[in-house]
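Protein sequence lines, in the order shown, are assigned to chains A and U. Residues 0 to 476 in numbering that gives the first Met the number 0 are what the first sequence spells out, letter by letter. Residues 0 to 269 in numbering that gives the first Met the number 0 are what the second sequence spells out, letter by letter.
Because the hints were derived from the structure by calculation, they are not lab data. Hints may contain errors.
Restricting the straight-line Cα-Cα distance to at most 20 Å, the calculated cross-link-like pairs of lysine to aspartate or glutamate (DMTMM-like) are [claimed, not checked]:
no.: 1; chain 1: A; residue 1: 420; chain 2: U; residue 2: 203
no.: 2; chain 1: U; residue 1: 159; chain 2: A; residue 2: 424
no.: 3; chain 1: U; residue 1: 159; chain 2: A; residue 2: 423
no.: 4; chain 1: U; residue 1: 116; chain 2: A; residue 2: 437
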Amino acid sequence: MTDAIRELTEQKYKYGFVTDVPEDRIRKGLDEDVVRLISQKKGEPQFLLDFRLKAYRHWLTMEEPRWAHVRYKPIDYQEIVYYSAPRPRKKLGSMDEVDPELKAAFEKLGIPLEEQARLANVAVDAVFDSVSVATTFKKKLADLGIVFGSFSDAVKEHPELVERYLGSVVPHADNYFAALNSAVFSDGSFAYVPKGVRCPMELSTYFRINAADTGQFERTLIVADEGSYVSYLEGCTAPVRDENQLHAAVVELVALDGAEIKYSTVQNWYPGDAEGKGGIYNFVTKRAKAMRKAKVSWTQVETGSAITWKYPSCILQGDDSVGEFYSVALTNNRQQADTGTKMIHIGKNTRSTIISKGISAGRGQNTYRGQVKVLKGAENARNFSQCDSLLIGDRCGAHTFPYIEVRNPTAKVEHEATTSKISEDQLFYCRQRGISEEDAVSMIVNGFARQVLKELPMEFAVEAQKLLGMSLEGSVG
Amino acid sequence: MSPDGKAAPLLEVAGLHARIGDKEILKGLSLEVKAGEVHAIMGPNGSGKSTLAGVLAGREVAEVTAGTARLDGKDLLAMSPEQRAVAGVFLGFQYPVEIPGVGNLYFLRTALNALRKARGEDPLDAVDFLELAREKMKLVEMDPSFGSRAVNEGFSGGEKKRNEVLQMAVLEPRLAILDEIDSGLDIDALRIVAKGVEALRHPDRATVLVTHYQRLLEHVVPDRIHVMAGGRIVLSGGRELALELERKGYAWIDEEAKRGAWAEAAQVTS
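One chain only, chain A, in its complex shape (with noise of 0.2 Å):
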């Protein structure tokens, strides 16, 4: 193999610093008062203390799912800290009280909480460990009806629209991942757009781990009434640490009648080091529910984590529904994932299409793992399904896991798969026309991409080609 490949096992993560803030922790460990004190320190009313009980109480029967193809060591549940926040030095009252580290801290990773230092037309709630810390541009969407902010605010502020959907599309008793973030989730994003109103702003989350020993648990739902539409995105980063870091968060995403969700991640938790010691756990639970003519859309890009367990689904619940999956996942080192969809066809005339695309290099291990499945009342139901792997390297591995279930006679299911490999025909070929190994492996790979990256927001997919890029090797970009 050659150098530049032999150096994408040799790359530094660049977000992994720490912020020093002062933190509010609790003890270590989870048993029922545990999940009560998080419930009491947010203030919250009583259904979702009862919803946060009730899923743990259902927690502790279920065993830890075992059929991904990942390997790990059994994660020690009483060994996490369970709810961890900046401690604010007084109620915020605008984005200039935040706690300048922390502003600090979002800076550097290229998140400006300052309204008028961002350029682009984002509104971005940033949340650090366990709490939101911020949301900019809150006001002028409030103005147009639409709900944007931390879910602990939503909590506060709109009530009924959290009751009424929260657990609506994943159950507290969904998996074990998504009870135990049912019972222990501390915050996330919300957003709502009511009927009709086409939201004007990409709405963004930054997901920020900071403190040791914690896990991150949060919880996003965004709810699009008839006939609206949104897009939002999703980044992660942590610091750089020895131990393994859990993070189990539920997406929820409803998309009334006519409404359109298109839901972008780019993923870089800290991977891990080049051994393989450190890193996030991801388990991740997401997924959608469509009712009729509306439209769900996933893009991720996942370039972090040491374990990626993770399938944005789509329900495609009402007549007319369409359901989208585009995915580039990249594992390098010895980074495992273990990722894909599921499209489920309840609805007539449904439509779903799967373009996923696995990268491996170093020792990583990449598995795509989907499911179709077309019920026995989806009539005319239709599905396309591409997975698409490249190797780097002879010292990692790919594997595409398709079910495909069909109830009904009159679906029309497809499904392509391929496995490459970066040749040193084509590397020569860039080589001779003067560009550089480093940049031919980062075009190479972006090119195998690009049917995924330009689903992303235009500004979000010049992010996520350097972090292709930078995720090979370190320098390019």
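Given the coordinates of chain A, work out where chain U should sit on it, guided by the hints.
Chain U in isolation, oriented as in the chain A frame:
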């Protein structure tokens, strides 16, 4: 130094030995190409023509065990493939490579700007580049739609070869080595490729055509023709040599080369 006292050759290869695995492919090859000239290297299959092209461009498949190759007096063999490109070496590939998802013109612009940057020149912006690319695409009679398609993906054999000539025309190398650029081409494509090669003729540049057949040479008239056999140049001459080869085939050269009778001739003619 050339005996007539004129400028040093642009390309100067001396006593080049190279092997692939255990097999020696180039066995003491020598060649000089002056700026402004077009040379053709002919020879039967397996004579080492493509290996020579690859070795000059820095392909790692073959290992050089002895000899030198200089461009403008600079040691080519000490340079990486991209450094050779910066120095002005362009290899037209016998089998151009597909790069899925990477736009054809995007690729070409990246290459051009990488070369410009390495030479301390400002990058060409998108507008200026597009103007240049359009002009050159006209030269090789390539439909503009090929600009946005992925590099060589789904191109026919002839389209791939024209794309190589397009890249050459845009990058304007000092030394273009075209490896079997004529193989698999119909007569129209052959004419277009020849036109591209002719357009690059320039007192500061040189072209080496590696070919099995002499039909390309009906369209591009070379200044020198060399015949390779058994890993060496065994015969050099003017255009009449190509016609002789066409008439007699390669068999006689092969036979002679096997007997080693041409070893001395090689020393004399090169």
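Structure-based check of all given hints:
The hinted pair formed by residue 420/A and residue 203/U fails the criterion: a straight-line CA distance of about 39 Å is larger than 20 Å. The hinted pair formed by residue 159/U and residue 424/A meets the criterion: a straight-line CA distance of about 15 Å does not exceed 20 Å. Distance hint between residue 159/U and residue 423/A is fulfilled; the C-alpha atoms sit about 19 Å from each other, no more than 20 Å. Distance check on the hinted pair: residue 116/U and residue 437/A sit about 16 Å apart at the alpha-carbon level, within 20 Å; holds.
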